[in-house]
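Chains R and L, in that order, give the protein sequences.
Just so we're aligned, residue 249 is where the first sequence starts under our numbering, counting upward by one.
Just so we're aligned, residue 103 is where the second sequence starts under our numbering, counting upward by one.
Everything labelled a hint here was simulated from the structure, so no lab data went into it.
A couple of the hints might just be wrong.
Taking lysine to aspartate or glutamate pairs in the DMTMM-like style, the calculated list, with each CA pair at most 25 Å apart, reads [said to hold, decoys possible]:
1. Lys444(R) / Glu242(L)
2. Lys355(R) / Glu109(L)
3. Lys444(R) / Asp237(L)
4. Lys444(R) / Glu308(R)
5. Lys444(R) / Glu246(L)
6. Lys105(L) / Glu278(R)
Label pairs and their in silico Cβ distance ranges [stated by the list, open to error]:
7. Ile431(R) / Leu204(L): 19 to 27 Å
8. Ser138(L) / Arg302(R): 18 to 26 Å
9. Tyr345(R) / Arg245(L): 38 to 46 Å
10. Ile145(L) / Arg302(R): 34 to 42 Å
For every residue, glycine included, the Cβ atom is placed at its ideal position computed from N, Cα and C.
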Amino acid sequence: MDAIISADETLFFWINGLALKVPTLDWLMELLGDDYFIVAIMALILLGLWFSFRSAARREINQRAVLCAVAAVGLAAIIIHLLMVYGPDRLRPYDAYPDLVNLLTYKRIDPSFPSESAAVSFAFATGVSLTKRGRLAAAMFLMAVLVCFARVYIGVHYPLDILAGVAIGILASLAAFGILRLIEPLPIRFIGFMRKLYLA
Amino acid sequence: MLKIGLEYFLFIFLASLGVLQIAASYSKLRGLSFFSRTTWGYIFGSLAIVGGFSWFYIVGNPHPDVGYAVTASDILRYGWSNPMPPDIGLILGDGESVGFFLLAVGCAILTTIAISSIVKFRISPRSTDGVNEEDPKGLEALREMTFFQAITRILRNGKGKE
Numbered sequence: 249m250d251a252i253i254s255a256d257e258t259l260f261f262w263i264n265g266l267a268l269k270v271p272t273l274d275w276l277m278e279l280l281g282d283d284y285f286i287v288a289i290m291a292l293i294l295l296g297l298w299f300s301f302r303s304a305a306r307r308e309i310n311q312r313a314v315l316c317a318v319a320a321v322g323l324a325a326i327i328i329h330l331l332m333v334y335g336p337d338r339l340r341p342y343d344a345y346p347d348l349v350n351l352l353t354y355k356r357i358d359p360s361f362p363s364e365s366a367a368v369s370f371a372f373a374t375g376v377s378l379t380k381r382g383r384l385a386a387a388m389f390l391m392a393v394l395v396c397f398a399r400v401y402i403g404v405h406y407p408l409d410i411l412a413g414v415a416i417g418i419l420a421s422l423a424a425f426g427i428l429r430l431i432e433p434l435p436i437r438f439i440g441f442m443r444k445l446y447l448a
Numbered sequence: 103m104l105k106i107g108l109e110y111f112l113f114i115f116l117a118s119l120g121v122l123q124i125a126a127s128y129s130k131l132r133g134l135s136f137f138s139r140t141t142w143g144y145i146f147g148s149l150a151i152v153g154g155f156s157w158f159y160i161v162g163n164p165h166p167d168v169g170y171a172v173t174a175s176d177i178l179r180y181g182w183s184n185p186m187p188p189d190i191g192l193i194l195g196d197g198e199s200v201g202f203f204l205l206a207v208g209c210a211i212l213t214t215i216a217i218s219s220i221v222k223f224r225i226s227p228r229s230t231d232g233v234n235e236e237d238p239k240g241l242e243a244l245r246e247m248t249f250f251q252a253i254t255r256i257l258r259n260g261k262g263k264e
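Working from the sequences, and respecting the hints, build out all of it.
Here it is as structure tokens:
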């Protein structure tokens, strides 16, 4: 376990050591690693996906993808909060090594492990990709990977926190996908209800 | 609390308006679009999204030094005033950011419905006398009529059946 923690911290310092060298890259990473930025973009993509279609078949696929992603994010958030309460209380890198970390953002007061941003962004991307494959899903995965890298770069997470978050996000999506199939026809009925209101 | 909550709400509201206009243009939902030409929908949508993000990240919301997550219990306890010393910045808690997000999206949908129904009140629906089998349902119906016209159609049919 010590070897894993040691490798994790070595990788963290290598990535975080890239900070404060190129101001434009720092600005970009700070933006990508922000608590709201990518999550807001992904949630707005879901809003657009719900209302975007060219045919009835495509509309249903899009709306099922939105339902799956929303369920996945909800499930991932619940798991993350349980782990934050009952899991290991790992200090943030800037608290553990205050003089060595290049911190590019404000200090958080919650535990470092696991990364909620990584879990939520991967839950969004995987949730959509399970129902709708293509360029949009690929773009969302790319955004999720960028968030993960940025969170280490700006000094708020170790790579192991990110890996745990990614695993939680993917597993939550698979579980949400399975649950939605299990409770069929409830999702279809929900979409049908929204169609009666002219909102689906 | 008021500042960050209001800023986040307005940011999401503006961006959602933009997303809905782009989606309406892409899906050819004439009854949900503010404009008669789809190009204007794309332009307005893009400007609203970029404007919302730029305002929130560049103009409106400088980062605090310490991010203290405001919770619903803080709001109940302190109201809309800042409960923390002024040197500690505030960010929204997870539940609160989800709540503000859903509220902003809901308001954006209602605003889109209201504005499009008002500016497109002259749109001529294919039929308002009754719902036929071939009549489009759900969002597809908004390609030919506004939301208000669609709701009126339902109400008329309901009265007709009585």
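Hints, verified against the model:
A threshold of 25 Å between alpha carbons decides the hint, and for Lys444(R) with Glu242(L) the separation of about 11 Å falls inside it, so the pair holds. Distance check on the hinted pair: Lys355(R) and Glu109(L) sit about 21 Å apart at the alpha-carbon level, within 25 Å; holds. Proposed proximity of Lys444(R) and Asp237(L) is supported: the alpha carbons are some 13 Å apart, at most 25 Å. For the suggested pair Lys444(R) and Glu308(R), the alpha carbons sit about 15 Å apart, so the restraint of at most 25 Å is met.
Restraint check for Lys444(R) and Glu246(L): satisfied, since their Cα atoms lie roughly 16 Å apart, inside the 25 Å limit. As the CA atoms of Lys105(L) and Glu278(R) are separated by approximately 21 Å, the hinted pair is consistent with the 25 Å bound. At about 22 Å, the beta-carbon gap between Ile431(R) and Leu204(L) stays in the expected band of 19 to 27 Å. For Ser138(L) and Arg302(R), the hinted distance range of 18 to 26 Å is satisfied, since their beta carbons lie about 20 Å from each other.
About 58 Å separates the C-beta atoms of Tyr345(R) and Arg245(L), a value inconsistent with the hinted range of 38 to 46 Å. The hint said 34 to 42 Å for the Cβ distance between Ile145(L) and Arg302(R), and at roughly 21 Å that hint is violated.
When held up to the earlier numbered hints, the structure conflicts with 9, 10 and fits the remainder.
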